[in-house]
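In my numbering, the protein residues as written are 31 to 432.
Watch out, some of these pointers could steer you wrong.
What the hints assert, rightly or not - Derived pair list, reagent style DSSO-like, types lysine-lysine, alpha-carbon separation capped at 30 Å:
id	residue 1	residue 2
1	430	407
2	122	97
3	348	299
4	282	219
5	372	348
6	113	56
7	224	352
8	219	299
As the list claims (entries may be wrong) - Using C-beta positions, here's what the derived DEER-type ranges look like:
id	residue 1	residue 2	range
9	256	430	38 to 48 Å
10	397	194	14 to 24 Å
11	208	47	12 to 22 Å
12	164	196	45 to 55 Å
13	317	63	37 to 47 Å
If you are wondering where the hints come from, they were derived from the structure by calculation, not from laboratory data.
Glycine included, every Cβ here is placed at the ideal spot set by N, Cα and C.
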Amino acid sequence: MPPTTLVELAASLREALDSPLVAESKAEQEARLDILDMIPVLNRKLVGEAQTIRDMAWEWLNVLSLKTVIHWDIAKQVPLDGKISYSELSAKCGLEASALRRLLRHAMTNGMFYEPTKDHVAHNSMSQILVEDPKTAAWVDLQTETILLGGANQCEALDRWPGSESKRETGVSIGFHHPGETSLYEEIKKKPEKIQKFGLAMELFSSGEGYEVSSLVEGYDWGKLGGGTVVDVGGANGFASSAISDAYPSLKLVVQDIDVTEDMKTEHKRSNIEFMKYDFFTPQIVKDADVYIYRWIFHNWQDEQSIQILRAAIPALKPGAKILINDGCLPTPGTGYWYEEKASRNVDICMMVAMNAKEREEGDWEALFEKADPRFKYLGAKRPTGSRMMIIEAEWEGAKET
31 MPPTTLVELA
41 ASLREALDSP
51 LVAESKAEQE
61 ARLDILDMIP
71 VLNRKLVGEA
81 QTIRDMAWEW
91 LNVLSLKTVI
101 HWDIAKQVPL
111 DGKISYSELS
121 AKCGLEASAL
131 RRLLRHAMTN
141 GMFYEPTKDH
151 VAHNSMSQIL
161 VEDPKTAAWV
171 DLQTETILLG
181 GANQCEALDR
191 WPGSESKRET
201 GVSIGFHHPG
211 ETSLYEEIKK
221 KPEKIQKFGL
231 AMELFSSGEG
241 YEVSSLVEGY
251 DWGKLGGGTV
261 VDVGGANGFA
271 SSAISDAYPS
281 LKLVVQDIDV
291 TEDMKTEHKR
301 SNIEFMKYDF
311 FTPQIVKDAD
321 VYIYRWIFHN
331 WQDEQSIQIL
341 RAAIPALKPG
351 AKILINDGCL
361 PTPGTGYWYE
371 EKASRNVDIC
381 MMVAMNAKER
391 EEGDWEALFE
401 KADPRFKYLG
411 AKRPTGSRMM
421 IIEAEWEGAK
431 ET
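Modelling step: build the complete structure from the supplied sequences, incorporating the hints.
Below you can see the structure in the form of structure tokens.
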């Protein structure tokens, strides 16, 4: 690349970064993804492939400095308006001053916090998020305080339990010093504050970029059901059903979950939504519904358990009933935007580390229905515009069971 080209490129990028980069139209959204795809390529071209590999090897340091901020609750100890010295901050958060200074200065290289004057720390717009957005703080806590333990021990888990599908035979169980004897959920349930943070983290994840429930509402023809019945299996507090209800108020919706509390019933209360306690490994108790939704259910389970879940629905199915799965679907490598594929691969490996679960490719979904019962007719999978989730549909062609 001629020197003048690099100079011109740097100048044009600097000028572009001086203005907000807002993606509103479809063309702008695609351009945004194009630019995101260029970032790792540009980095490799500028530093070289060998240096890129070396840089990858110490990316864990970025997680360490972020974990420091969460572990000692540093963001909340820094005033939102003003600054604080490292010595004062050390006294407030309990981390020795020298280590605090070094780790925060590393976090600053990632755009978090800044030093307005020597040896003083202040918030910037990025670090403020950890104070003002409890869901993002909970997500960082889950990843750096819990899932990270599994990641550090995942290779040992794969050596120790090759091919295992047990939720206890994971890097997480090794990280908690109970190899093969505990699972992620079991550990989280031991501490009430972890349960609350886990709920906030999952709410953030399920409504984040590419995972919005609006894609389920807009990506399926609910209107054709008229006043039909839709069962939201494992629907938690009913946030997905409430969104469908708002758009299609003539539908009757039933939200099922293994634990149903009074708070869950009131959080997204609608006159056409009923809540019901139900374990999706047991025979379905709502018979003759038109559609049974499983949103963010199957990626938590390996094939054997997923087949059990599908088979549990069969006793309730009438001919023509639909199974609608709203879940991740891994792309063919290198066929889409890098940024989108990277997000999907991150989720896939996170599921492996945390629960021995996985994301699936489209062929895996079709095979899952076939293994569950050949009377399921696979209708296909589609990805709504802007979504990282697929809507996977199958129709029951068997006779109604009596």
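Status of the hints after comparison with the structure:
no.	hint	result
1	430 x 407	holds, 15 Å
2	122 x 97	holds, 17 Å
3	348 x 299	holds, 28 Å
4	282 x 219	violated, 33 Å
5	372 x 348	violated, 39 Å
6	113 x 56	violated, 41 Å
7	224 x 352	violated, 36 Å
8	219 x 299	holds, 27 Å
9	256 x 430: 38 to 48 Å	violated, 20 Å
10	397 x 194: 14 to 24 Å	holds, 20 Å
11	208 x 47: 12 to 22 Å	violated, 48 Å
12	164 x 196: 45 to 55 Å	violated, 33 Å
13	317 x 63: 37 to 47 Å	holds, 44 Å
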